[in-house]
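Using the sequences and the hints given, assemble the complete structure.
Chains as they are written, first to last, in our numbering: chain A, 2 to 397; chain B, 666 to 937; chain C, 108 to 386.
Keep in mind that the hints were calculated from the coordinates and are not lab data.
Ideal Cβ positions, reconstructed from N, Cα and C, are used throughout, including at glycine.
Don't take every hint at face value.
Derived DSBU-like pairs (lysine-lysine); straight-line CA-CA distance at most 30 Å [said to hold, decoys possible]:
{"#": "1", "chain 1": "A", "residue 1": "K75", "chain 2": "B", "residue 2": "K800"}
{"#": "2", "chain 1": "A", "residue 1": "K153", "chain 2": "A", "residue 2": "K126"}
{"#": "3", "chain 1": "A", "residue 1": "K74", "chain 2": "B", "residue 2": "K800"}
{"#": "4", "chain 1": "A", "residue 1": "K250", "chain 2": "C", "residue 2": "K166"}
If you want the ones that stay clear, here's a sample from chain A, every Cβ over 10 Å from chain C, calculated [stated by the list, open to error]:
{"#": "5", "residue": "P203"}
{"#": "6", "residue": "S240"}
{"#": "7", "residue": "D244"}
{"#": "8", "residue": "K285"}
{"#": "9", "residue": "V295"}
{"#": "10", "residue": "D330"}
{"#": "11", "residue": "K338"}
{"#": "12", "residue": "S366"}
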Amino acid sequence: MEDHEEQEVEFWRRLDEEGISRSQMLKRSVAAAAGLTVLSGPAAALASRRAAAAAPPLKGTAANMNALVAAAKKEGHLNVIALPPDWANYGQIISTFSKKYGIPITSDNPDGSSAQENQAIVSLKGDPRAPDVVDVGPSFAVLGTTQGLYAKYFVRNFAAVPRAMKDTRGWWTGDYWGSITIGYNASLVKTPPKSFADLLKPEYKNQVALNGSPLTSNSAVAGVFAAALANGGSLSDVSPGIDWFAKCKSVGNFIPVQTTPQTVASGQTPISIDWDYNNFAYVKEFPAANWKVVLPSDGQYGGYYCQAINATAPHPNAARLWEEFIYSDQGQILYLKGYAHPARFADIVARKAIPKAVASSFPSSWLNARPKFASLGQITTGKALINSQWPAKVGA
Amino acid sequence: MGEVKKQRIAPSAVVWLLLGAAYFLIPLVATLLFSLRNANTGRCCSLSAYGVIVHDPEFWSTIKLSFRLALETIVVGLLLFVPTIYWVHLRLPRMRPVVGFMALVPFVIPPIILVVGLLKFFKDTLHAPFWFLGKPDLFLVGAYVILAFPYIYFSLDAGFRAIDVQTLTEASQNLGASWRTTLGRVILPNIRVAALSGAFLTLAIVMGEFTIASLSAFHTFPTYLQQINQDKAYPAAAATLLSFGITWLAMLSILLIGRRGGQRTVRVGIGR
Amino acid sequence: MAWLGVVPFFAYACMFLILPAAVVMVGAFNSDHGGFTTSNVTAILRTANLRDAFWASIKLSAITAIAGGLFGLLIAYAAIRKGTPSWVRSAFGTFSGVAANFGGIPLAFAFIATIGTIGIVTQFIDNAFGVNIYQHGFAIWSPRGVEIVYLYFQIPLMILVIAPAIDGLRAEWSEASSNLGASRWQYWRHIGIPVLMPSILGTLVLLFGNAFAAYATAYALTSGTGLPLVPILIGNDLSGNVLSNPHEGQALAFGMFVVLAAMMIFYIPLQRRASRWAK
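Here is the structure:
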C-alpha cells in the first residue's frame, strides 16, 4: 500500500471515530428526551425488534444470539473461501460449525490466495455463490476495507482480541496467529537444525525450502521477516533476511521448490520454513516422514490472519454466526488444536478455558512463544523491499 | 486395388517410439510408486491412497461435471468451427490469415487474464443474468470453446489443407448434391481424423483446465485435483493417475466410436 | 455475400474473446486513477526483472517449441508411417491427447519424483553410474529442468496437430519417388518437408504460445522463485498473497500479446512462401 493510501486510511479512521461519538451523543440526547417511550408501546417495540432482526446486527451480544442463530438457520447456508482443511484445523472447524447449527457449508477454492478472496467478493457480487466471510492477510484486510468490500461487525468477544490484531472500527478482526518455524524430516536430516544460522551449514545442501515464493506467498514473506530478525535486521528492515536467503541459495542449501504435503511425504523438501500450524500438521499427517518442528532460536516472527464479512454477503446472518462461533471458546480451542494460536489466546489462558488434556499435548516452548509481530506499515515496507530486491538477489 | 504388402516396422521408427514411450511413461511410473506407499511407513505397498480417492464423493461429482462440460464444448466447437473453416477454405481464402491470427489470440491471453476479462465484460458491461454466469454449462462452456478454438482450428486447418476442398465440393455439387449432403457426406468423412483430433484435444483441455473454473467459482475436476495435490500426498498421486487413466480411456472410446462410424466413408478422388 | 458464412464465428469470437480481451488490454493503459498512461507498459522495458522475465519466457518457449516440434514430428511420423501397427498410432494419439493437457502440480510432482533430488531416475543414475546429477549442476528448477518438463506437453501437442498433415503425405508420392531412384533423404528434402512445412510452422507458433502462457507447471516447479517467467509475474500481480498490482499484470499481458503478434507477423510470409507449391 502506498504512503498516501495509508494516510487516507488514517484520515477516514479519525473521521469515523469522530462521527461515531457525535452520532452517539445525538442518540443519547434523543433517547433521554424521548424518555424511553419506545418501551411503552408494545407494537412499536415489536416493530423495532423486527426491523433490527431483518437487518443483520452490527454487534454480537448475548441477548441477540438466539435471534442470530434463528436468522442464520433460516438462511440455511454458508459460503467460505480459501480455507484448506488442514490449515489451522479449518477442516474440523467447518464440520463442527455445520453440525452444531445444521447449516451446510460450501468451502470454495481452498487453496486460494487472499487476493483471490477479495477478488471473489467483487466478481461474484450478487451471486448466491459469493463468499460470505473471508480469511485474509492483514494487508488485504486493509485493502478490502478501503475498497468497501466488507461489512462492519463486532463479535461478542471483540474486546478480548488484542488491539494490534483488529480494526477498531469493526471492519475486520484477527482470528489466529502463528510463528515461523523450521520443520525437518528427522530421518533425512541427520543433524537437527535449531536456527537460521544452522541452515547455512553444508550438511543441509539442497534441503531448505519455503512454502512458496515471497512474491506471492504470505508464509514465505514471513520467512524472510524471520530471517531478517535472525540476522541483525528488524521489522522495519528486512534486507538482511533477503540477503540470508541469497546466501542460503549460493551455498546450495536453498531450493526453490514449494513445500507441499507431497514434497514433505516424499522427502523432496526435507527442511521447510513455514508457519507452525502447517509444520505441526505434517507431524501427524506423515509419521513416515518423522517430521519435527522447532522455533528458530535466533529469529521469531509471528503473523496473523483476519476475518471479515462480505458487505454483499448472500447469507449475512450465517456469516455473523460463523464469526461468533470462531471467536467463542469452542472455536478458538479448535484453532489451538490445529497448532494455531487463537486471537483470544491470552484471554482463554487467563480464564483457564483450555482443557488440561489439550494443553498438555503441546510443547510448552511453543505454547508460550512470544514472536514479534510487524505493524501494517512495516509489512507494507517489507513487502515492497522484497518485491524489488528478491528477483535480483535470489531469483524471480 | 492391388495386393496390400504387409510392411515391417522401420527400425528407426522403433527407436523413436521406444524413446518416446520411455519419456512419457517413466514419470507416470514414479507417480505410481509414490501412490502405492503406505501412509504410515512410507513404503510400498498399499492401495489405501486409491481408496481415499475412490470413496470421495467429490471425486465422482466433479469428474462427471467435467465430462459433461467437455462433451458440450466439443459439440458447440465443432458445430461452430467446421462450417466456418470449410467456408473459409472454399470461398474466402483471404480470410485464412485473419482466422489463423484469431486462433492465436487465446494463447496470447493467458486463462488468468481471460477469465478476469470475461467476468468483467459479462458482469459489468453486459450485466448478464445469473442463470448465465452461474451455470457452468453456459458460461464455462462458452469460455472453453474459446480455449479449444486454437487446437480445433489447427487440426481442422491441416485437415482441410490435406484435401482438395474445391474439387470435392464442385464434384459433389455437379452430381446434384445439396450443401448439406456435400458437407455431411463428402467433406466431413474426409476431415474425420482432423475433427476427431480436435475433439480429443478439447476433451483433454476441459479435463485439465483449472484457472477459469477456479476463478469463476465452479467445482470441476481439475479444481478438485489441484486441491487434493495441495492438501494431500499419496492420495494426490493416486488421483493424478486415476484422472490420467480415465481421460485416456475416454479418448480411446471416442476413437473407437469414430472408427466404427467410418466404415461408410465415401472416398472421392485419389485414395490414400 | 460469401462473408455471411463466417458471421456466426466472428460474433462468437467477439463476445467471448475479443471484447473481454480488449477490456483487459485497455486496463494496461489505465492508471490507478483512471486516466490514460503508458507508464505501465514502458515500465516493462525499464525494469530489470520484468525484462529478464520476458527474455527467459521467450527463450524457454522457443527452445521447447523447437525441441517439442522436432521430437513430436519424429515420434508422430514413426507412429503413423507405413509398417507401424495401427494400435501404436492410436495409443500414442490418445496418450498425447491426455498428456498435452497434463500440467500444474501433478506434472511437476511426477517429474520431481523422477528427476528431483531424490527422484527414481536421479537415484538410478547415482547407483548405477555413481554420478549425482545434482552435484554436477543439474536441477529440476533450472531452465534445463523446466524445459524437460515442458516437453511433456509440447511433444504431445505437436504429435496431435501434425498427425493430419502427415496423413496428407500420400503414400504414392513416396513410392513414386523411390521408383524414380530418389533416396529417402531426397524424398524428404524435396517432397516431405515442403509439404509439411506450413503445418510445421503453424504448429511451432502454437507450441511457442503454449509454452509462453504456461503458468501452473512453472510455478509448481520453481515455486515462482527459481526462474523469472512472465505468466508467473502476471499471477503474482493479479492473484498473489502479497502484492496486488493489476495494472502491471495487465501491462504484462499486453506485452505477451505484442511478443506473440510479432511471431505471427514473422510466420505469415514464411507460411505463404512454404505453401507456394500447393495449387
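Status of each hint after checking the structure:
Distance hint between A/K75 and B/K800 is fulfilled; the C-alpha atoms sit about 25 Å from each other, no more than 30 Å. For a cut-off of 30 Å, the pair hint linking A/K153 to A/K126 stands: about 17 Å separates their Cα positions. This hinted pair checks out: A/K74 and B/K800 have alpha carbons roughly 26 Å apart, not beyond 30 Å. Taken as a hint, the A/K250 and C/K166 pair is honoured in the structure, with Cα atoms around 23 Å apart against an allowance of 30 Å.
Residue placement check: A/P203 keeps its beta carbon more than 10 Å from all beta carbons of chain C (closest about 12 Å). Distance to chain C confirms A/S240 as a non-interface residue, since its nearest Cβ pair spans about 17 Å, more than 10 Å. Interface exclusion of A/D244 from chain C stands, the closest Cβ pair being 15 Å apart, more than 10 Å. Listed as outside the interface, A/K285 is consistent with that label: its C-beta sits roughly 22 Å from the nearest C-beta of chain C, beyond the 10 Å cut-off.
A/V295, annotated as away from the interface, keeps every beta carbon of chain C farther than 10 Å; the closest lies near 22 Å. Non-interface call for A/D330 relative to chain C: holds, since the shortest CB-CB distance, roughly 30 Å, exceeds 10 Å. The beta carbon of A/K338 is kept farther than 10 Å from every beta carbon of chain C, the shortest such distance being approximately 24 Å. Against the 10 Å criterion, A/S366 stays outside the reach of chain C, whose nearest CB is about 28 Å from its own CB.
Checked against the numbered hints above, the structure breaks none of them.
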